[in-house]
Structure formats: C-alpha cells, structure tokens
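Trainee: Just so you know, full-length UniProt numbering puts 61 at position 61 of the sequence shown, and the rest follows in order with no gaps.
Any given hint could turn out to be false.
Said to hold, decoys possible - Keeping only pairs whose Cα atoms sit at most 20 angstroms apart, straight-line, the calculated PhoX-like set for lysine-lysine is:
| hint | residue 1 | residue 2 |
| --- | --- | --- |
| 1 | K68 | K109 |
| 2 | K68 | K152 |
| 3 | K52 | K109 |
| 4 | K52 | K132 |
| 5 | K20 | K132 |
What the hints assert, rightly or not - The following label-pair restraints were derived from C-beta to C-beta distances:
| hint | residue 1 | residue 2 | range |
| --- | --- | --- | --- |
| 6 | L72 | A41 | 31 to 41 angstroms |
| 7 | Q42 | T141 | 44 to 54 angstroms |
| 8 | V17 | T50 | 20 to 30 angstroms |
| 9 | E83 | Q42 | 35 to 45 angstroms |
| 10 | I143 | P75 | 14 to 24 angstroms |
| 11 | V15 | D93 | 20 to 30 angstroms |
| 12 | T50 | I143 | 17 to 27 angstroms |
| 13 | V17 | L73 | 37 to 47 angstroms |
| 14 | H9 | F155 | 25 to 35 angstroms |
| 15 | H9 | K132 | 22 to 32 angstroms |
Since the hints were made in silico from the structure, they are not lab data.
Don't be surprised by glycine CBs; every beta carbon is placed ideally from N, CA and C.
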Amino acid sequence: MTLSHLDEHGRSHMVDVGNKDSTRRVAVATASVCFPADVYAQIQASHGHTAKGTITEVARLAGIMAAKNTALLIPLCHPMMLERCRLDLNYHDESCQLHIRAEVAVSHKTGVEMEALTAVSVAALTVYDMTKALSHDIRITDIQLQHKSGGKHEFNR
Numbered sequence: 001m002t003l004s005h006l007d008e009h010g011r012s013h014m015v016d017v018g019n020k021d022s023t024r025r026v027a028v029a030t031a032s033v034c035f036p037a038d039v040y041a042q043i044q045a046s047h048g049h050t051a052k053g054t055i056t057e058v059a060r061l062a063g064i065m066a067a068k069n070t071a072l073l074i075p076l077c078h079p080m081m082l083e084r085c086r087l088d089l090n091y092h093d094e095s096c097q098l099h100i101r102a103e104v105a106v107s108h109k110t111g112v113e114m115e116a117l118t119a120v121s122v123a124a125l126t127v128y129d130m131t132k133a134l135s136h137d138i139r140i141t142d143i144q145l146q147h148k149s150g151g152k153h154e155f156n157r
C-alpha cells in the first residue's frame, strides 16, 4: 500500500481527483469530553450555560464552521461545498462525559472523513475552552471515524 499524498520522490502533493466520478459521500465521526465528577455536576447545575454561552450550542456551531473550513486547516484536503453537517452533543451522566457525533455529506469526488473528524475535534476543543475555568483536568478522548461511504472503500466501526 502506498500513501496517495506522496509522489514517486516522496514529496507531498494534493491527490488529483479529476478523473473520479462524483458520488454521494457520507462520513460520521465521534469524540468524547470527559469531566471530573464535580465539574460535570457544576455544568449540569447550570444547565450547560456559561458566560460564553450554552456549551453545546457554541460547540455545535464551532464544529460546523470547522467542517466547512477543513481544507484551510489540513494542507492536502480538497475544498468542498458541504451539503450537510450535523453535530449531536449529548451528556452522559453515568460517565460524566459529553459525547459528540458529526455526520457530514457531500456529492463529490473525494470523501468527507476529514471534515467529520475536524468537526468533532473542534467541537471538543470548544467545550474545553468553555469549561477550562472549572478545571484543567478535562480530557478529550476517542476521536475516531465511525463510518464512511460513497467511495471505493466503505468503513464501519
């Protein structure tokens, strides 16, 4: 197997997708933000509101913005006009975590897994930014691709 972003001399380049067919591409990624129990209790007591806004709504918007700007952040990603970007953020009381899920879709010649991964990563970083005044013992974990379809290779975790 070879890396598609390297030429025969080992130099980086953007993959040429000009001869590929446009197909419906979908990717789903997830991440978790883990809080110490006392911090999680404070967040729940405030109904997720901080001086900077509602944690889940600000993080959702940050994730959407990040997905739309992935090509500006990841050097060899192709710019794309996303057709859908949905982020779901759900608190899980038993584990003191906020679970983040992004689903991104486009009709294009290349996949959107980097857009989905960027969305959950930036959403999680936004949650950290909004809650770090409560503790620096907050962890971002389990950033991973869960699903991709529409290209040569399907993937399901």
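Trainee: Each of the hints needs a verdict: does it hold here or not?
Mentor: To see whether the hints hold, each was checked on the structure:
1. K68 / K109: Holds - the C-alpha atoms of K109 and K68 are around 16 angstroms apart, at most 20 angstroms.
2. K68 / K152: violated, 23 angstroms
3. K52 / K109: Not OK: K52 and K109 at ~38 angstroms, beyond 20 angstroms, violated.
4. K52 / K132: holds, 12 angstroms
5. K20 / K132: This hinted pair is violated, its Cα atoms lying about 44 angstroms apart.
6. L72 / A41: 31 to 41 angstroms: Holds, since L72 and A41 (Cβ atoms, about 38 angstroms apart) stay within the stated range.
7. Q42 / T141: 44 to 54 angstroms: About 20 angstroms separates the Cβ atoms of Q42 and T141, which means 44 to 54 angstroms is violated.
8. V17 / T50: 20 to 30 angstroms: violated, 42 angstroms
9. E83 / Q42: 35 to 45 angstroms: Since the Cβ atoms of E83 and Q42 sit about 38 angstroms apart, the hinted range of 35 to 45 angstroms holds.
10. I143 / P75: 14 to 24 angstroms: holds, 19 angstroms
11. V15 / D93: 20 to 30 angstroms: Because 44 angstroms falls outside the window, the suggested range is violated.
12. T50 / I143: 17 to 27 angstroms: Holds - the Cβ-Cβ distance for T50 and I143, about 23 angstroms, lies within 17 to 27 angstroms.
13. V17 / L73: 37 to 47 angstroms: Violated, since V17 and L73 (Cβ atoms, about 19 angstroms apart) do not stay within the stated range.
14. H9 / F155: 25 to 35 angstroms: holds, 30 angstroms
15. H9 / K132: 22 to 32 angstroms: 44 angstroms Cβ-Cβ, so the 22 to 32 angstroms window is violated.
Against the hints set out earlier in the document, violations occur for numbers 2, 3, 5, 7, 8, 11, 13 and 15.
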